[in-house]
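Colleague: Chains as they are written, first to last, in the numbering used here: chain V, 1 to 365; chain U, 366 to 730; chain H, 731 to 1095.
Accuracy of the hints is not assured; some may be wrong.
In the DSBU-like style, the derived pairs of lysine-lysine whose C-alpha atoms are separated by at most 35 angstroms in a straight line are [unchecked claim]:
(1) U/K394 <-> U/K428
(2) U/K638 <-> V/K190
(3) U/K555 <-> H/K898
(4) U/K555 <-> H/K793
(5) H/K853 <-> H/K1003
Simulated from the structure, these hints should not be mistaken for laboratory data. Source: prediction; values computed, not measured.
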Amino acid sequence: MPNPLLRAIRRSPLLWLLVFVPVVFAGKKLAPGAHTLLFLLSVLAIVPLAALLSHATESVAAKTGDSVGGLLNATLGNLTELVIALAALRAGQYTLVKASVAGAIVTNTLFVLGASFLLGGLKHRVQEFNRAGARFQAALLFLATIALLVPSAIAEADRAPGAAFTQKLSLGLAVLLVVTYGLGMLFSLKTHRELFGSAEHAEAGEAPWPLGLALGTLAGVTVVVALVSEVFVESVHEAAVAFGMTPAFVGFIVVTLVGGAAEMGSAFSGARKNRLDLSVGIALGSAAQIALFVAPVLVLLSYVMGPAPMSLEFWPGAVLMMLIATLTVTLVTNGGRSAWFVGVLLLMVYLIFAMTLYLLPPQVP
Amino acid sequence: MPNPLLRAIRRSPLLWLLVFVPVVFAGKKLAPGAHTLLFLLSVLAIVPLAALLSHATESVAAKTGDSVGGLLNATLGNLTELVIALAALRAGQYTLVKASVAGAIVTNTLFVLGASFLLGGLKHRVQEFNRAGARFQAALLFLATIALLVPSAIAEADRAPGAAFTQKLSLGLAVLLVVTYGLGMLFSLKTHRELFGSAEHAEAGEAPWPLGLALGTLAGVTVVVALVSEVFVESVHEAAVAFGMTPAFVGFIVVTLVGGAAEMGSAFSGARKNRLDLSVGIALGSAAQIALFVAPVLVLLSYVMGPAPMSLEFWPGAVLMMLIATLTVTLVTNGGRSAWFVGVLLLMVYLIFAMTLYLLPPQVP
Amino acid sequence: MPNPLLRAIRRSPLLWLLVFVPVVFAGKKLAPGAHTLLFLLSVLAIVPLAALLSHATESVAAKTGDSVGGLLNATLGNLTELVIALAALRAGQYTLVKASVAGAIVTNTLFVLGASFLLGGLKHRVQEFNRAGARFQAALLFLATIALLVPSAIAEADRAPGAAFTQKLSLGLAVLLVVTYGLGMLFSLKTHRELFGSAEHAEAGEAPWPLGLALGTLAGVTVVVALVSEVFVESVHEAAVAFGMTPAFVGFIVVTLVGGAAEMGSAFSGARKNRLDLSVGIALGSAAQIALFVAPVLVLLSYVMGPAPMSLEFWPGAVLMMLIATLTVTLVTNGGRSAWFVGVLLLMVYLIFAMTLYLLPPQVP
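If we strip away everything but chain V, and leave its shape as in the complex, we get (with noise of 0.2 angstroms):
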């Protein structure tokens, strides 16, 4: 009965890595000190827990038809980024968790997309997508983006009215997300289904599992993907200190480039077939549920778990980050056509975000 887990890890060599949670807490155990060492082997361990996590998930959503296997993709797409979060927001590290948020939504709107762009442009001449489709999620990201600016904005302007009152303000807005996902969710998966075309999200050719084996699966891995989750927030700073970088460089780049490697490769391997729509689907779908969706409820969730309520008050750079990301993906997925080129101009803005975040004097963010 294990034999489709077992074959899945036979013919992916990413699941070979699963040799490395093992030994995450066996490094653990034997050498706690060792915070540069247990970084490296938890960022190993984490990168195939999470591409069986989202496997997994898939597989559940085959199972159970189109509207609940929408909304099962749309909430648990970013299982592994949420759990990451959740063990960052126990430890009190607020800086992290909002850094790790801000980046997604940067590094999927900019990279993974202008990857995309750019891997397929290299192959076909003018792609296309569903235009529809794009500017959905677009617009999703530039409600999210406008809820996250407030709070930052009247800070700014009107010089710290207070934190009891941006703590009230991120709880309504965490509502207010919340809500709007919902509500697009209805939109895109029941009153309007069929202006989003093919949103296929699980990569064909691969057989879902069984119910019961995918269902194992999800519970099984993300708990162990807690229990690395620590491990990792616990050697993230001292880890980002030794490798001379910024705990906002590591936060914004390193936690996405983790948690989502394994849609990053389906994102790619799409574009390169000509399947765009797949490749943007994933790009801006785990964007804006990390905007609209992850955000809040780690906010809703601060207030039971977190050493005190964490508020939606960002660092205006990284505001201004998510602000620029989501006007160029507008401006971008406009026409639904792509080129080389496009992808090109995506990643330059990503370029120029990552190289500022890496200069950056680490005290500052």
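Go by the hints and put chains U and H onto chain V.
Modeller: Quick look at chains U and H alone, frame taken from chain V:
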């Protein structure tokens, strides 16, 4: 002869509120210190007066031919808002004047347009509207937002180069805006009018009044609105405190809703009847008119009527909201199509702003 | 053999201004302190020299085949602006250099494009142009604006993380911009050239010069422009004070008009002849070239030629103007159609900026 007026009053339950007009004046005489009561009474009195003014303007416009009528609608379409703002101007309440200008722009573009899209979309699957008209109004709004942004941005960026500079700049900007508005009317009503299709503004089915009655109503009701507005302006501040609302919230949201209630009704019923051009025309037309005509006229009149010249420098938060509203509406109306979720998105942006203003500590703006 | 040069001079009244070239050098010798006079003379001398340079560049381009010719036009098309900026760079006047870069972007996108739309629209009811070309240039500009925005935004948001950070970041951004510009040329001149249609740059009807004459003119005139630019740069500051203009105004507006007068003439006459692709190509092409090629080359050359390395950190007002100009032009060129009022809108935005800069107290920028 006064039959059509009486008939209009008998038919429309909204106009029954006219009974509050004498009540306001009586209240003002008997209890000049009951600010909260006077505030509520004046709100109830202005709503039907605004509806009468709007119907009278349209009747005059219908009688005078398309070009003159268009001109009349384009200059007197927001007469109520202008009269209320003039009362505030005379009283030197420049914060209220500016909040009501910014609020009218934000409320019309986000709330009126969003609710029209939502109400229309709940009845009709996908609705289409004239892109040329929407883009024209959005472009006018975009220009006005830039003009309103510059004085605040310069003041922010360069640490206040002095009030004299801001005042000279505001005067120049006011002249530029009025000139642009005039050229825009020339373009849309004269040289390229066929691009804008059926920009019918009057509610179909309602016969226009005879010219004499319409002109008489226009003159008489304007005077009454001016008198009631004075009570409104005097009482608004203390009423806001009594209701626990900030003055920014009142200016931004209450003034617009009060002055535009009748027009909003037309916009919503147009959307339900699948005549979305009417709704878009009312929402964006009102916003553009207030930004490019009412606001600069108020600046120019402040030299004659106000205790001191009024500038176009807005509170940074207001500028940000106008900017976001304009950008949102530009992106949303670009395609010329709408469904219910587009309305939800616009309303959510409006809710974000309303919530922020409501929660803001009173001393800030 | 020098017939074509003499013929060009005889035909074009603009070139009669060449008589001011010796006058400038004489004036510099005889009255080195007459700054206002020298400023005016150098302006009158640069205008015809820029026209000669522009014609020589196009003649070389016409002789060398499409790809090399396109490359030449794309790198030497703003040679005059580059030479003037180099003179300012050597003199250490970095504020003037930056103002002229920002001014070239704003003036080309708003004034040249706006006046072309207006002049063309007064003769032709609705004009069409190649959307792909306009969107490509607008996208390049958008990227450049982001790159120029980041150093200023970080400096604002995080209270100056230090000049060393800004300098390292500027160097990295300069390299990214030049690389993007190179890839953009590869895209538009080589891999996807057929998307961009007839991007003919030379005025039809004028025969190109023989190669020897063109190369000789290119070399000789560049040297003369360099010499006159030195007089210009030395005198500009005191002349600005004498005219009651701020240095920001002079750098922003005068330098661009002087260096680009000849090209503007081509853009305007193209619009009148209903060849709007030519006008859009000149306006947006120049702006993109200055933003992605001239500006970063100046940063790189400042390490060799300037008294100290120059950064890409602009005065916040300049960044805002570049951002608004780029956004405006992106929205306006999106549809690929134009009428006279579109030109009015662009010119109004330009007027708003010009008025603000003119009124700004001199000490500010």
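Colleague: Checking against the hints above, which ones are violated?
Modeller: 1, 3, 4
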